[in-house]
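Student: Residue numbers (numbering that gives the first Met the number 0), protein chains in the order written: chain L, 0 to 98; chain C, 0 to 378.
Don't read these hints as lab results, they were simulated from the structure.
Be aware that one or more of the hints could be misleading.
[Unchecked claim] With a straight-line cut-off of 30 Å between C-alpha atoms, the simulated DSBU-like cross-links for lysine-lysine are:
hint, chain 1, residue 1, chain 2, residue 2
1, C, K185, L, K15
2, L, K12, C, K216
3, C, K216, L, K15
4, C, K220, L, K12
5, C, K300, C, K366
6, C, K294, C, K278
7, C, K303, C, K325
8, C, K278, L, K12
9, C, K325, C, K230
10, C, K47, L, K55
11, C, K303, L, K15
12, C, K325, L, K12
13, C, K148, L, K15
14, C, K185, C, K148
[What the hints assert, rightly or not] Okay, the calculated beta carbon distance ranges per label pair:
hint, chain 1, residue 1, chain 2, residue 2, range
15, C, V168, L, K15, 45 to 51 Å
16, C, H316, L, F56, 45 to 51 Å
17, C, P105, L, K15, 20 to 26 Å
18, C, G203, L, K89, 39 to 45 Å
19, C, P183, L, P18, 20 to 26 Å
20, L, K15, C, E275, 56 to 62 Å
21, C, K220, L, V41, 53 to 59 Å
22, L, K31, C, E231, 47 to 53 Å
23, L, K31, C, E205, 45 to 51 Å
Keep in mind the model is a prediction, meaning the values are calculated, not measured.
Here a beta-carbon is modelled for each residue, glycine too, at the ideal position from N, C-alpha and C.
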Amino acid sequence: MKKEKQAKEIIFKSEKEVPLMPMSVGNMLWNKTGGWRNIRPVIDFENCIQCGICWKFCPDAAIYIENERPVVDYVYCKGCGLCAEECPSKCIAMVEEEK
Amino acid sequence: MGNHALSYGAMLGRAQVIAAYPITPQTQVVELLSEMCADKTLDAKFIKVESEHSAMAACLGASLAGARTFTATSAQGLALMHELLHWASGGRLPVVMGNINRAMAPGWSIWSDQNDSLSQRDTGWIQFYCSNNQEVLDTVIQAFKVSEKLLIPSMVILDAFTLSHTYEVVDVPEQAKVDKFLPPFKPEITITPDDPHAFGGLTGPEHYFELRYKLQKDMEKAPALIEETGKEYEKMFGRYLGQVEEHCCDDAELILVTSGTMGSTARVAVDMLREEGIKVGNLRIKVFRPFPFEKVRNIFKNTKKVAVIDRNISYGHHGMFFQEVKSAMYGFDHDLPIFGFIAGLGGRDITPSTFREIVEFSLEKNKPEEEIIWIGVNR
Chain L
0 MKKEKQAKEI IFKSEKEVPL MPMSVGNMLW NKTGGWRNIR PVIDFENCIQ
50 CGICWKFCPD AAIYIENERP VVDYVYCKGC GLCAEECPSK CIAMVEEEK
Chain C
0 MGNHALSYGA MLGRAQVIAA YPITPQTQVV ELLSEMCADK TLDAKFIKVE
50 SEHSAMAACL GASLAGARTF TATSAQGLAL MHELLHWASG GRLPVVMGNI
100 NRAMAPGWSI WSDQNDSLSQ RDTGWIQFYC SNNQEVLDTV IQAFKVSEKL
150 LIPSMVILDA FTLSHTYEVV DVPEQAKVDK FLPPFKPEIT ITPDDPHAFG
200 GLTGPEHYFE LRYKLQKDME KAPALIEETG KEYEKMFGRY LGQVEEHCCD
250 DAELILVTSG TMGSTARVAV DMLREEGIKV GNLRIKVFRP FPFEKVRNIF
300 KNTKKVAVID RNISYGHHGM FFQEVKSAMY GFDHDLPIFG FIAGLGGRDI
350 TPSTFREIVE FSLEKNKPEE EIIWIGVNR
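So here's chain L without its partners, still in its complex pose (with noise of 0.2 Å):
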């Protein structure tokens, strides 16, 4: 990402101009959906087993692996809860957002 867009409303004037297939024009890494979150994972490092499922269920791709261990990104994770659901050591918590 070179810098910050802002979300604006395009209205194409013609078919011509309207793209043939229906997808975003803009780069879904501006979509910061971490947002949405109303409860946010926290992983408890003494009891993680570094299986890596959560980041292979992770439906937003917002968990990657650094040094074997699992770290969320929580610009972009929407706090499904899947990958609490899914971890086998159950050391994934979901807590609270607060304001």
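Please build the complex by placing chain C on the supplied structure of chain L, with the hints as guidance.
Tutor: Then chain C, alone, in the frame of chain L:
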């Protein structure tokens, strides 16, 4: 067998991703392809899935990432895919799929009729109906080319058992020659992890209409492109495939309209009847979507009667080819009597004597007295 002709077509087309779920009578298509992937005859990723819905979803993702994709299914499997067929055409993803025509359950059937694929006629897919195994292989290769140029998916359709499980000698073209005919798939728009975009997001009334307009406009380019691609293929491989196949139509007083394998049976029947001095011709419709309006109108110019034989039915209406042929002639020739026959549902055999019955009936009457003329129903 016809199923293997589909597999070899996909192999020669160098499909890069194949995702499919087995269903009778399609099984051998993916069976052979999975073997080819395993022994590296084909350099492709074979994705095993838990349903046809997932199979098409996997194909869409792969196509979106820029891979040439292939799948195959039949009847109930195609019906389960229905939602994603719209995603493929609306998303402008040129997936090529083999569909084996099998009657829809219930009653549970594995035998041939066309209701499965014709129920999907409004999903925005190009539909090719094949009449022999050579045509199946040739059509798959051409379908990739046509689809990728227009960014519209294609269905290559063959009858259950009468084609899918019937062994015929098929000329398998050289890979190098096919590569020359069909260059690698290089779409302008792709979505990759490095360049993520949202696909198929909310599209309001201010844009949706235009997307559909563009799909139809590109669909309208298909007839000319299919003819052009067919001629190019003929130049290289000696076999021509267009939108329709005519047989003895020029001086025919009655033209039969057929599709699929019954089209080749009709050709034999026409030859037999011609020997008896009956002036009959056969028009086999190969491409059902987009419908070959121009071809049909031209071929019917000098004939006196038309008999459409449908191996399908739109309940509460007619056979579907009959509807289309009538709509093609609306405003062009109001006086041409068009007879609509329904035969062979659920795999009941359509033989040369079926066509004799149809021809005799049509020649006897001045105009069709019934909306549907049933052939071979025991009543």
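Student: Each hint needs a verdict: does it hold in this structure or not?
Tutor: Each hint, compared with the structure:
1. C:K185 to L:K15: holds (22 Å)
2. L:K12 to C:K216: holds (18 Å)
3. C:K216 to L:K15: holds (12 Å)
4. C:K220 to L:K12: OK: K220 of chain C and K12 of chain L at ~24 Å, within 30 Å.
5. C:K300 to C:K366: holds (18 Å)
6. C:K294 to C:K278: holds (20 Å)
7. C:K303 to C:K325: holds (14 Å)
8. C:K278 to L:K12: Roughly 56 Å separates the two Cα atoms, so the pair is violated.
9. C:K325 to C:K230: Distance ~29 Å between K325 of chain C and K230 of chain C Cα, so the pair holds.
10. C:K47 to L:K55: holds (18 Å)
11. C:K303 to L:K15: Violated - the C-alpha atoms of K15 of chain L and K303 of chain C are around 45 Å apart, more than 30 Å.
12. C:K325 to L:K12: Roughly 38 Å separates the two Cα atoms, so the pair is violated.
13. C:K148 to L:K15: Satisfied, since the Cα-Cα distance of roughly 18 Å is no more than 30 Å.
14. C:K185 to C:K148: This hinted pair holds, its Cα atoms lying about 10 Å apart.
15. C:V168 to L:K15: 45 to 51 Å: With Cβ atoms ~49 Å apart, the hint holds.
16. C:H316 to L:F56: 45 to 51 Å: Cβ of H316 of chain C to Cβ of F56 of chain L: about 48 Å, so the range 45 to 51 Å holds.
17. C:P105 to L:K15: 20 to 26 Å: violated (48 Å)
18. C:G203 to L:K89: 39 to 45 Å: holds (43 Å)
19. C:P183 to L:P18: 20 to 26 Å: The hint (20 to 26 Å, Cβ to Cβ) holds, given that P183 of chain C and P18 of chain L are roughly 23 Å apart.
20. L:K15 to C:E275: 56 to 62 Å: With Cβ atoms ~58 Å apart, the hint holds.
21. C:K220 to L:V41: 53 to 59 Å: The hinted range 53 to 59 Å holds for K220 of chain C and V41 of chain L, with Cβ atoms some 55 Å apart.
22. L:K31 to C:E231: 47 to 53 Å: holds (49 Å)
23. L:K31 to C:E205: 45 to 51 Å: violated (25 Å)
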